[in-house]
Structures are given as C-alpha cells and as structure tokens.
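Participant: Construct the complete structure from the given sequences, taking the supplied hints into account.
Chains A and B, in that order, give the protein sequences.
16 is the number of the first residue of the first sequence in this note's numbering; add one for each residue after it.
16 is the number of the first residue of the second sequence in this note's numbering; add one for each residue after it.
No lab work stands behind these hints, which were simulated from the structure alone.
The reader is advised that the hints may include incorrect statements.
Unchecked claim - Computed beta-carbon distance windows for the label pairs:
(1) Ala186(B) / Pro312(A): 28 to 38 Å
(2) Ala321(B) / Ile54(A): 47 to 57 Å
(3) Ala351(A) / Gly82(B): 55 to 65 Å
(4) Lys318(B) / Pro136(A): 50 to 60 Å
(5) Gln239(B) / Arg356(A): 53 to 63 Å
(6) Gly68(B) / Ala351(A): 56 to 66 Å
Claimed, not checked - Some chain B residues close to chain A (C-beta under 10 Å, calculated; not the full set):
(7) Thr74
(8) Gly134
(9) Thr138
(10) Asp139
(11) Ser155
(12) Ala191
(13) Cys245
(14) Asp253
(15) Ser271
(16) Ala302
Given the structure is predicted, the values throughout are model-derived calculations rather than measurements.
Backbone N, C-alpha and C fix where the C-beta goes; we use that ideal spot for every residue, glycine too.
Protein chains: 2
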Amino acid sequence: MSTSEKINLSGWTCPAPLRNYPQVVMGHGSGGKMMADLIGHLFKPLLDNPLLGQMGDSTTFILEQGGRLAFTTDSFVISPIFFPGGSIGELAVNGTINDLAMSGAIPLYLSAAFILEEGLPMTDLGRIVSAFSAAAAAASVQVIAGDTKVVNKGHGDGLYITTTGIGLVPAGIEIAPHRAQPGDAILVSGTMGDHGVAIMSVREGLAFESPIVSDTAPLHGLVQAMITACPNIHCLRDATRGGLAAVLNELAGASSVGIEFGEGRIPVNPAVHGACEMLGLDPLHVANEGKLVAILPRADAEKVLAVMRAHPMGAQAAIIGEVVESHPGMVIARTAIGGTRIVDLPAGELLPRIC
Amino acid sequence: MSTSEKINLSGWTCPAPLRNYPQVVMGHGSGGKMMADLIGHLFKPLLDNPLLGQMGDSTTFILEQGGRLAFTTDSFVISPIFFPGGSIGELAVNGTINDLAMSGAIPLYLSAAFILEEGLPMTDLGRIVSAFSAAAAAASVQVIAGDTKVVNKGHGDGLYITTTGIGLVPAGIEIAPHRAQPGDAILVSGTMGDHGVAIMSVREGLAFESPIVSDTAPLHGLVQAMITACPNIHCLRDATRGGLAAVLNELAGASSVGIEFGEGRIPVNPAVHGACEMLGLDPLHVANEGKLVAILPRADAEKVLAVMRAHPMGAQAAIIGEVVESHPGMVIARTAIGGTRIVDLPAGELLPRIC
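Facilitator: Here it is, written out as structure tokens:
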C-alpha cells in the first residue's frame with residue numbers, strides 16, 4: 016500500500032559536477048556558485064516543471080477562477096531519515112497532501128524547503144529528493160517553489176524538509192473539526208499504528224517475523240471517492256502525531272460532543288499489536304501517515320464504508336463508533352470485556368521525531 | 016528603517032500554563048497535551064485570526080476571483096537568532112513578503128513552520144513569536160497555517176522557521192528574471208551589505224562607533240509604489256544570500272544580457288564599508304534583507320528613482336548601471352579609477368547562516 020513500493024531509491028547517480036562533494040558542505044547554502052550547482056544538478060533535474068523553471072523569488076501561476084483554496088504547512092524532522100516503507104522524502108510529500116485532503120481539497124501545488132546538515136552524504140540527498148519527486152508525481156502535484164539552506168554539523172540531523180501545499184476545495188464541501196454531530200458515525204480508513212511502530216522498531220533495533228512498514232501514502236484519491244459518495248462528510252483528520260486518540264479528542268473538543276468507540280473495532284496489524292505490547296505502547300497513541308478518521312451522518316456510513324473498502328488506501332476501513340450528546344469533549348472506549356475507559360490525549364513525550 | 020524599531024521585544028510574559036517549562040522540551044512536539052498547551056498559550060494568542068482559528072489540518076479561504084497568484088517558501092536558519100536590528104522572527108516574515116513582492120505581488124497570507132530545539136528558553140520563543148506577529152501585522156498579512164516540531168538538543172540551533180507566502184499579482188504586471196533588455200537601467204533601493212555585516216560583527220564580537228544594524232524590512236509597499244509609476248518593470252530581486260553580485264549574475268544569465276555598473280554608484284554605509292575592509296568582505300557579496308534590485312526601461316528610470324526616494328524603504332535609492340548587449344551573462348564593474356573588473360558569483364562559503 017505504501018507508495019515507496021513504486022519508488023526506486025537506488026536509481027540516483029551523482030552527476031559529475033557534484034562528484035567533488037561526496038557530502039553537503041556549508042558552501043552549498045551560501046548563495047554562490049556551489050549552491051547554483053547543487054540546485055542546478057540535483058534539485059532541478061528531479062523536480063523540474065515549467066512553473067519551478069521560472070526561477071523567480073516567487074513563482075506565479077494563474078488560477079482560472081475563484082473558489083475555496085486550502086493551505087497547509089508541515090516540517091518533517093523524522094529520525095531516522097530512511098525507514099521500513101519509505102524515507103523523509105515521500106513522507107514530506109504525502110503528509111502535506113493528506114493535510115490538504117482532510118479539508119476535501121484536490122492538491123495542486125507544493126513548495127519544498129530543505130534544511131541540510133553539513134556532512135549529509137550527497138547520495139542520501141539524491142535518494143531522498145528522488146523519493147520526494149516520485150511521490151509528488153504519483154499524487155499529480157507539482158513542486159513549484161523551493162529553498163535550500165545548510166546548517167553546520169551538529170545543528171541538524173541529516174535533513175529537515177518543510178512542505179507547504181495549496182489545494183482547491185470542490186464547491187459545496189464543508190469539512191471542519193467543529194461539524195461532528197450527535198448520531199454521526201466514526202470511521203477509520205485502515206490499521207492503526209503502523210508508521211510509529213515501524214520507526215520505533217528501527218530505533219530500538221527490533222526485528223519482527225513479518226516486517227512492519229510505514230503506511231506513508233497519499234489519501235486525496237480516497238477522500239475524493241468518499242466525497243462523491245457522501246458530499247456531507249462532517250470531519251476528516253489524518254491520525255498522525257498523537258495517533259487516533261489525539262484526533263478523537265481534538266474533534267470531540269472542537270465540536271463539543273462526546274465520542275464513543277469499540278476498542279475491538281479498531282483495525283490493528285497483528286505484528287503492530289505484538290510490537291506495541293513489547294514496547295509498552297498503545298496503538299491508539301501511535302502515529303499513522305496514511306490513515307484517516309472520518310465523521311459523517313450515520314445514514315451514509317455503510318455506503319461510504321463500501322467505497323473506502325473498494326479503494327486501495329481503504330481496504331481495511333471500519334466503522335469504529337459514534338458521536339454522542341453526553342460527556343462533551345470526552346472520548347470513551349468500550350473495552351472487549353464490556354467495560355468503558357476514558358481515552359485521553361497523551362500527556363507529553365511519547366514518540367518524538369516520528370514525522 | 017528596520018521594522019524592529021516598532022517591535023517591543025521585551026513585552027512578552029510567559030503565561031501561567033507554560034511556567035513549569037522554562038525551556039522547550041521534547042513533549043512540546045509530540046502531539047499531546049503539552050503541545051496543545053504550547054500552541055494554545057503561546058502561538059495562538061500571538062498569531063490568532065479567524066482563518067488560523069479553523070484549526071483544521073489545512074486552512075481554507077475564499078479567493079473571490081481568479082488571477083495570478085504568487086507562491087514562495089524560505090527556511091530561516093540564521094545564527095544568532097537575535098541580532099542588531101531584529102531577530103529571526105521578523106526576518107522570517109519580511110524575507111517571504113519580499114520574495115512575494117519581487118514578482119509584484121501584494122502579500123495575502125503566510126504559513127509558519129517552527130522547528131524548535133529542545134532547551135530553547137521559552138522566553139526566547141515568546142519574544143521571537145511576538146516579533147513574528149508584529150512584523151506580520153505591520154505588513155498586513157495574516158498567518159493562516161502553522162506547524163511546530165521539536166528536535167533533540169544538539170540537532171538544531173535554537174529554532175529554525177520556514178515561512179511560505181501567497182500573494183496576488185495585479186493584472187498586467189509581468190516581472191521575471193528573463194525580461195532584462197539591453198538599454199534597461201539598473202537601480203538599487205538603498206545601501207548594500209548592512210544585514211550581513213550586522214550579523215558578522217556579532218559573530219566576530221566587533222563593536223563599531225555607530226552600530227551597524229540589519230536592514231530587515233518588508234518591501235511590498237515600495238514595490239507597489241514603483242509599479243504605479245512604471246507598470247513595465249522588467250526584473251525585481253531582493254539582494255539576500257550572495258548579495259548584489261549574485262543577483263546581477265543571476266539576472267544577466269536568465270536574460271542572456273550583459274550588465275555594467277559603476278562601483279562608485281553603489282550606496283554603502285560608511286560603517287559597513289569600514290567593517291568590510293576589516294573583515295575582508297566585499298559589500299557586493301554581502302546579504303541584505305530589506306533592499307531590492309530593479310531593472311526597467313531607461314526612459315522610466317528617473318521617475319521610478321524619484322518614487323523610490325520618496326518612500327521610507329528607498330530613501331537612498333540609486334541608479335547604478337545599465338543592461339548591455341555585449342558579454343551576455345557577464346557582470347562588469349567600472350572602478351573608480353576608470354578600469355573595469357568582472358564581478359562573479361561568490362564561489363562557495365562566504366557568510367553561512369546569514370538568513
């Protein structure tokens with residue numbers, strides 16, 4: 016399901032003008048000839064399009080008619096920068112595409128700002144920008160603005176990427192965190208916790224029988240299919256930092272409603288379940304990078320569920336619970352043995368540098 | 016001239032819910048309650064507006080009618096984060112506003128992505144976000160999307176800020192790097208080198224009789240005044256990394272024209288001139304953060320110069336040279352003693368971490 020399956024990371028060959036620099040050095044960020052070489056021989060060939068080719072201080076593009084635009088930004092500081100199922104490159108594209116998709120928008124354009132640490136191997140940068148480029152192409156978005164800075168060794172961690180996206184929201188769509196209403200159904204698009212556990216298992220040096228890979232993937236296609244089936248979706252959110260628990264708490268708070276769900280209804284990969292037990296993690300608190308939570312009228316839930324399951328990004332979608340009038344702002348899980356428990360926001364540090 | 020003159024940096028008081036944390040810790044970036052506290056009690060009060068208040072994964076806004084939009088992104092990694100004349104806060108706002116302005120755009124919206132280093136004093140963050148907020152207000156732009164990440168101590172340098180901007184280009188304006196034509200006049204909006212020398216003097220521990228301060232300032236007002244006087248401006252560029260020399264080389268290359276200018280016509284503050292001699296720097300290579308270079312038809316040059324000089328951001332504007340047909344791609348300076356010299360791109364590392 017991960018886009019990384021389609022991305023050949025080994026394909027990047029360092030072009031001749033950069034071969035004197037096996038690593039990024041400070042001069043690559045100083046506005047002179049070395050920076051021009053890095054941009055001209057690494058970034059430009061991988062990301063080029065007529066708009067980026069304007070090479071102005073800003074890029075201009077025509078929007079044929081007015082409408083509702085969506086705008087979002089995210090910095091990616093994940094450690095490690097390569098992980099099972101992907102790299103910071105496609106993560107930075109998919110993460111911002113997903114934030115656009117959560118307002119129902121069709122993604123149009125991305126900007127990419129790279130903060131490189133002195134000493135980053137040039138081949139790592141080439142592989143990551145290749146993955147970035149492939150993910151953008153897979154999602155049919157153009158990268159139309161960029162920036163490159165270099166910081167001294169010991170003031171970064173390989174590289175950080177900040178992507179900002181612009182999308183267009185189809186007329187009549189009004190998806191917002193405050194729109195959940197008592198009686199609404201709550202759906203998730205697939206298994207919870209894969210991304211966070213994939214990262215943690217690398218960091219902890221764990222190996223599993225069946226490898227756990229990040230679920231990084233773009234969700235705008237799934238969202239457009241869902242909107243077609245039900246234009247009146249109330250809330251969408253991708254369950255990244257803080258996991259499903261954080262998303263449900265944020266939506267319960269923003270809409271001043273209660274949320275209840277069945278613990279046993281949450282799809283979790285068995286390998287992720289096992290790893291969470293070993294690592295002392297709750298899959299509800301673990302980040303995903305290719306899964307969404309939807310809240311929509313109960314009457315449309317089965318229809319939307321069918322559409323989701325028919326889409327490659329939603330094959331394991333499930334209806335997990337409902338919005339209630341009681342206990343506004345609070346999220347309650349029904350446990351397997353018939354009890355209930357409060358599902359709170361994680362307090363603080365749980366899984367740092369997860370995205 | 017610096018906006019920092021208007022910004023009271025001492026005014027930020029740490030709100031009660033954050034007082035348990037004199038420094039940023041990893042939990043402030045983990046998607047849980049501590050992050051909600053940081054955003055709710057520090058960022059939101061300083062940056063709030065109805066669009067940012069949507070609190071969705073992306074922010075949606077209506078663009079009443081179509082047109083040409085401008086889009087740009089920049090990461091700011093300056094060291095130190097406080098410097099004479101400003102901080103990374105207003106620098107991150109003004110830098111992106113200026114990149115929008117260089118396409119003739121009226122800035123509309125900004126996004127802000129903060130990468131915080133564990134251990135950053137909370138009061139430093141408060142002061143910087145206050146400066147960021149004041150600079151945005153001074154330029155009448157709204158911050159409508161944001162992100163906060165925290166990286167471990169030793170993997171950042173206080174904080175990095177990435178700003179991305181959207182602006183609207185007035186109808187009929189076509190400013191682009193490839194539009195310089197033989198016969199065009201070349202103007203600068205003021206003294207060269209102030210920002211870079213201000214930063215270097217802090218790093219080198221130098222003190223001067225008259226303090227050298229960064230020229231960080233938003234230039235969109237100046238540009239709109241220039242456009243009104245001459246809608247047919249061919250090129251605009253703010254002279255940041257690489258300084259005036261880099262800008263002139265880029266424009267000569269993009270337009271396949273030659274550029275000639277009189278060295279003695281470049282405005283340089285006497286204190287900056289002295290500091291450059293001491294530090295072994297060429298003011299032509301030193302970064303500015305509130306100065307632009309304009310290329311426009313010779314017939315309009317005096318009129319535009321008068322408009323620039325009447326504007327607070329262009330009081331020391333000057334016509335410095337002209338575009339020529341010979342030596343395309345090459346920039347030539349006429350020296351004071353009647354000779355000429357080639358002005359090339361700086362090769363590599365010159366003034367790292369300058370913006």
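Participant: Tell me, in ascending order, the numbers of any earlier hints that this structure violates.
Facilitator: Violated hints (numbers, rising): 1, 2, 6, 8, 9, 10, 11, 13 and 15; every other hint is consistent with the structure.
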